[in-house]
Amino acid sequence: HWLLELLKLGHEVHVVTRCNNRSNIEAGLQCVAGADRARFYYVDLPSWALFWKRTQYLINLYYPVWQWLAYRKMKSVHRQQPFDCVHHITFGVFRHFSLMGRLGIPFVFGPVGGGEATPGPLRKHYPLGGRFADWLRDRLNDTARINPFLWQTYAQASLIYGKTNETVNWVPQRYRHKAHQLIEIGLDPSFVAPAPKPYDGQEPFKLLYVGRLLFLKGLPLGLDAFKALLAVKPDASLTLIGRGPERQRLEAHVQRLGIGAHVEWIDWVAHDDLAGIYRQYHAFLFPSLHDSSGNALLEAMGSGLPVVCFNLGGPGVMVTNACGRVVPVQALDGRYLDEATVTKGMAQALIELATHPDLRHQLACGAIVQAKKLNWAYPVRQVYELDLPAVLAETIS
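Using the numbering used here, the first residue of the sequence shown is number 1, and each one after it goes up by one.
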């Protein structure tokens, strides 16, 4: 999508990517205006090492090796046909360094994520494996503070983008002046609904979740909040669309809460069918604890669904009180709240939407407005028409 928007702006774009993307790229570019201004370079590790990328820990070895090969390839191309700037977008995790700054031209790093973390008090409901996974992730993030290659990346970058404020805060203080928060995804305008689904407050309130069923998604907290909603709105329902390893635990939690008759499970839906499904609901529940962005969240807003989420990660940036409810996770003194308190806050937000139809409609309209703003052109223009020209002008002066 970044490539397509850059082509619309009239740029010539050279892309280095993995070999397995080639067929999709060539097929997708056949009907793209300006495709003759796009050049692709395919780089990969030897076939015997490709499985590294598919394993949880060996990917940390795969990545630097691929970065080195990609840098060598583009250094050779740069000698023959000099570039004006270089932009690292993927892998989109802040602790993974980039070598492209070594080309010695203006260098944009990001938007990257990964600096988000579930606050300690909100990990109490985690399964044992989830606690270990997040502990290990925290330790991997800690290595970023002492990784010389990452510090070199920051030093060489003209601009650094974090998807969230949490990731921006991982940038060392000496380079923080170059760092900005910017969500990297966008919504295709064709997905945006002309108007939200009506709701008069008398009909059953229909709540939706779309996403993987993972421990980091905070769904036990969302289910607890939904139970509180049922005490006020007994005809409410919650549909969860998605697969994942937490399905069995979540089903057991639903049974413990005694809300099974109000919860519908759908394993999978083709993406082309999702737009019609979103528009059958009145609000979107997204209790994720450390997502850096969220395509489903954007699609929900584009469908006219007010979003109820925690003030964490990408959802806390993308959602405002003009298009949903962002539930606080910190007290005024900065202390993180416990699970019972944030669940109560989420329940109050759901009850507010279900019992105030005029407010829900206002927020639903606001969700569509926000989704229109967060299109794919938004981050690309922010970088290439505002921030980067300003940096280049300062460099020249």
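Don't read these hints as lab results, they were simulated from the structure.
Bear in mind that the values here come from a model prediction, so they are computed numbers and not experimental data.
Backbone N, C-alpha and C fix where the C-beta goes; we use that ideal spot for every residue, glycine too.
Take these hints with a grain of salt, some might be off.
Said to hold, decoys possible - With a straight-line cut-off of 20 Å between C-alpha atoms, the simulated SDA-like cross-links for lysine to any residue are: (1) K75 x K124; (2) K73 x Y63; (3) K124 x K372; (4) K227 x E251; (5) K124 x R247; (6) K206 x K124; (7) K197 x R37; (8) K233 x K372; (9) K373 x K124; (10) K372 x T239; (11) K197 x T239; (12) K373 x H356; (13) K73 x K124; (14) K178 x P389; (15) K372 x D188.
Said to hold, decoys possible - Beta-carbon label-pair distances, calculated as ranges: (16) I146 x V391: 52 to 58 Å; (17) R22 x R243: 25 to 31 Å; (18) E251 x L136: 48 to 54 Å.
Here's how the hints hold up against the structure:
1. K75 x K124: Violated: K75 and K124 sit about 48 Å apart, past 20 Å.
2. K73 x Y63: Holds: K73 and Y63 sit about 15 Å apart, inside 20 Å.
3. K124 x K372: violated (37 Å)
4. K227 x E251: OK: K227 and E251 at ~14 Å, within 20 Å.
5. K124 x R247: Judged against 20 Å, a Cα distance of about 18 Å means the pair holds.
6. K206 x K124: Violated. K206 to K124 sits at ~28 Å, over the 20 Å cutoff.
7. K197 x R37: violated (42 Å)
8. K233 x K372: Given pair K233, K372 is violated - Cα atoms ~31 Å apart, limit 20 Å.
9. K373 x K124: This hinted pair is violated, its Cα atoms lying about 36 Å apart.
10. K372 x T239: violated (25 Å)
11. K197 x T239: holds (16 Å)
12. K373 x H356: The given pair, whose Cα atoms are some 26 Å apart, is violated under the 20 Å limit.
13. K73 x K124: Distance ~47 Å between K73 and K124 Cα, so the pair is violated.
14. K178 x P389: Between K178 and P389 the Cα gap is close to 14 Å, so the pair holds against 20 Å.
15. K372 x D188: Holds: K372 and D188 sit about 9 Å apart, inside 20 Å.
16. I146 x V391: 52 to 58 Å: violated (28 Å)
17. R22 x R243: 25 to 31 Å: Holds, at about 28 Å.
18. E251 x L136: 48 to 54 Å: Violated - the Cβ-Cβ distance for E251 and L136, about 27 Å, lies outside 48 to 54 Å.
This entry does not satisfy hints 1, 3, 6, 7, 8, 9, 10, 12, 13, 16, 18, going by the numbered hints stated previously.
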